[in-house]
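J.: Could you put together the complete structure from these sequences and hints?
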Amino acid sequence: MNVAGFPHQVGGHFGLLKCVGHVLKPLNQREFHFYVNMDPKLLPFTVKYCGRIRVNLSGCNDGQLLLSTDAEANCCALESAVKEVRNTLDSEEDNLEDTKPMTFRIKKSGKVEAEMAINTWAGQCQSKVVEKLLKGYDKWFIMLEDIVSDFRKPCVIDLKMGQRQYGDDSSAQKRLTQTQKCRQSTSEELGIRLVGLQLYDKTTKSYSFLNKYEGRRMDRVKFYNSLEKFFISAGSSRTKKLIRELQVLRSVLSEAESFRFFSSSLLIAFDGASDSESLLEIENSKESIVVKMIDFAHSTFRGFLDDKVYSGMDDGYLLGIDSLISTLEQILISQPLQDAISMPELSLKKQRSLKRPYSTPPTDSPAQVIDVDEPIAA
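If you count by our numbering, then the sequence shown holds residues 60 to 437, one letter each, in order.
Where hints are given, some of them may not hold.
In silico lysine to aspartate or glutamate, EDC-like type, Cα no more than 20 Å apart, as pairs [claimed, not checked]: (1) 100 to 304; (2) 166 to 121; (3) 170 to 190; (4) 351 to 314; (5) 281 to 247; (6) 288 to 273; (7) 159 to 172.
Cβ pair distances, simulated, as ranges [what the hints assert, rightly or not]: (8) 391 to 96: 31 to 41 Å; (9) 229 to 371: 14 to 24 Å; (10) 370 to 123: 49 to 59 Å.
Keep in mind that the hints were calculated from the coordinates and are not lab data. We treat Cβ as the ideally placed atom computed from N, Cα and C, and that holds for glycine.
T.: Rendered as structure tokens:
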């Protein structure tokens, strides 16, 4: 099956690829085992795990790189294919840049360049993964359900949860740098920080983005303002539904004794192209707004591999959920939200052209580069 770049990646440093109905993520042994041994109580709150698969790469004379899987990936493929055809037809009057496959080309310098990338962050991360494939790195990926495949204009926010962002197997240097990042961001105070954001504006028919470097520099006021813009666009009905789902998730995690979700995230998504929906329509639609726990490479629980055993609950993660719920409730109280509201004043950086050069890390933080050179576990 054909593989392309995943255009709606907003966070992480391992590039994600896309195969009909699935997101492909470079296989990390710990994360793979965590999905395989997932506690049934967590399944409603995590992205569906669909197995693992190898990705092959070949090239053309013009430098175009062709990616494909060595087996069929059918569990989510048929339904997703129907959705993608429908979304393309529905988007005929919109900017179609984000409906075209995201492809890769090798330059004369040997570097890989992403084409048709609406989000520069996605292009950067995924080009590095394709370069690794060219160099012969392990080609195994885990397959996860693509939760935004039904959305015409996916709006996505990635929130890093908890007050600790390193695993027990991390080096002393890694522990130090991750601890500093938490102390210098909203992670330490709120148990949550923004890692990435993609928001569609129906007025300008363009996307706006925030990346992890901007998220790290936020204080609680800027964090609140960023979430406010995102959830004003989502609308009050979706926001209220999200609060209820977060409350259920909190209830489950408050009983998840020995679990730790170090450096994991919450992914929240909705369709920015959808029209206003009533509260009843929102309640009856499973896809009106989606929230999922992701990124389990450093997660653990009693009996998992040979890990250290923790007692009690993951208080840092629970703090993050409490902070998120409180923030959403404040947004609802302080400003009545309107579904499909227009926000021409949105201050996030806008990107209308696919030819815009990739963004670079802030010059005042030379050490904060995209960590894409860590070896992929076999």
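J.: Now look at each hint and say whether the structure bears it out.
T.: Verification of the supplied hints:
no., hint, in the structure
1, 100 to 304, "14 Å, holds"
2, 166 to 121, "10 Å, holds"
3, 170 to 190, "7 Å, holds"
4, 351 to 314, "18 Å, holds"
5, 281 to 247, "15 Å, holds"
6, 288 to 273, "15 Å, holds"
7, 159 to 172, "16 Å, holds"
8, 391 to 96: 31 to 41 Å, "38 Å, holds"
9, 229 to 371: 14 to 24 Å, "21 Å, holds"
10, 370 to 123: 49 to 59 Å, "54 Å, holds"
Figure legend: structure checked against the earlier numbered hints; every hint is met.
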